[in-house]
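A.B. asks: Sequence:
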Amino acid sequence: MKNRNLMGLILLIIVISSVTSVIVYNVIENKSNEDHMYDFYAAEAAVHVSPHHIRKHMAQGDDSFILVDLRSEEEYVEEHIITAVNVPAYKSRDKSDYGAVERIVGEFEKLIKNNPGKELIVYCYSGPCMTGRKVGKMLADRGIYVKHLGIGWNEWRYHWTIWNHEHEWDETDVMDYVIGGSEPGEMEGVKKVEGCVEGGFGC
Numbered sequence: 160m161k162n163r164n165l166m167g168l169i170l171l172i173i174v175i176s177s178v179t180s181v182i183v184y185n186v187i188e189n190k191s192n193e194d195h196m197y198d199f200y201a202a203e204a205a206v207h208v209s210p211h212h213i214r215k216h217m218a219q220g221d222d223s224f225i226l227v228d229l230r231s232e233e234e235y236v237e238e239h240i241i242t243a244v245n246v247p248a249y250k251s252r253d254k255s256d257y258g259a260v261e262r263i264v265g266e267f268e269k270l271i272k273n274n275p276g277k278e279l280i281v282y283c284y285s286g287p288c289m290t291g292r293k294v295g296k297m298l299a300d301r302g303i304y305v306k307h308l309g310i311g312w313n314e315w316r317y318h319w320t321i322w323n324h325e326h327e328w329d330e331t332d333v334m335d336y337v338i339g340g341s342e343p344g345e346m347e348g349v350k351k352v353e354g355c356v357e358g359g360f361g362c
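Number 333 in the working numbering belongs to position 174 of the sequence shown; there are no gaps in the numbering.
For the record, the hints were derived by calculation from the structure and aren't laboratory data.
Hints may be right or wrong, so weigh each one.
Pairwise CB distance ranges, derived in the manner of DEER restraints [as the list claims (entries may be wrong)]:
1) 269 x 189: 27 to 35 Å
2) 322 x 223: 17 to 25 Å
3) 192 x 297: 29 to 37 Å
4) 316 x 255: 19 to 27 Å
5) 273 x 193: 39 to 47 Å
6) 204 x 300: 33 to 41 Å
7) 255 x 335: 26 to 34 Å
8) 332 x 192: 21 to 29 Å
9) 272 x 327: 33 to 41 Å
In the DSS-like style, the derived pairs of lysine-lysine whose C-alpha atoms are separated by at most 27 Å in a straight line are [stated by the list, open to error]:
10) 272 x 250
11) 272 x 293
12) 277 x 254
13) 269 x 254
14) 272 x 296
15) 306 x 269
Don't be surprised by glycine CBs; every beta carbon is placed ideally from N, CA and C.
Input sequences plus hints: build the corresponding full structure.
C.D. replies: Okay, here's the thing in structure tokens:
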């Protein structure tokens, strides 16, 4: 009799737990389209950084952020965004090195230690390139949070006009924002451009 009562109690607890779990899950996950849109824009605003914003701030001498080029060392040495440091997630231009987790995480830890309070912004080959996202996830899993430049190297170097304002095309020169070699380089002699919009909605 005692065993039967005990089994009944255990069964009742299992049923109640299951029903409660389903209810809680549905309450949490039963989001409206507006909720999903809010989450999407909150994540986009938290992670993505406008290249136009970065380019303007580079010209103004802003050093509150560090650009991190995730391409191979070989490609970085050929050319990179000026001031960017290299933490390669690729062994060569054709072979990824995502397995080098300790090295990649270790280099980001050093960057943070040597540059307290600075925002780290990663970029890779192009806007659709997943390298920045994969490295960002790898770092987030270890409590390191980086932002993601809204474009990649290809757009920065070869498609200057698609992300800069039309009136700036003749006022700016991509080669002022690109350098070759193993060092990040420094901004020199770039004409300082006025911001396009004041406040939090500046581009």
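A.B. asks: Evaluate each hint against the coordinates.
C.D. replies: Status of each hint after checking the structure:
no.	hint	result
1	269 x 189: 27 to 35 Å	violated, 44 Å
2	322 x 223: 17 to 25 Å	holds, 21 Å
3	192 x 297: 29 to 37 Å	holds, 31 Å
4	316 x 255: 19 to 27 Å	holds, 21 Å
5	273 x 193: 39 to 47 Å	holds, 43 Å
6	204 x 300: 33 to 41 Å	violated, 22 Å
7	255 x 335: 26 to 34 Å	holds, 31 Å
8	332 x 192: 21 to 29 Å	violated, 44 Å
9	272 x 327: 33 to 41 Å	holds, 36 Å
10	272 x 250	holds, 25 Å
11	272 x 293	holds, 22 Å
12	277 x 254	violated, 30 Å
13	269 x 254	holds, 24 Å
14	272 x 296	holds, 20 Å
15	306 x 269	holds, 17 Å
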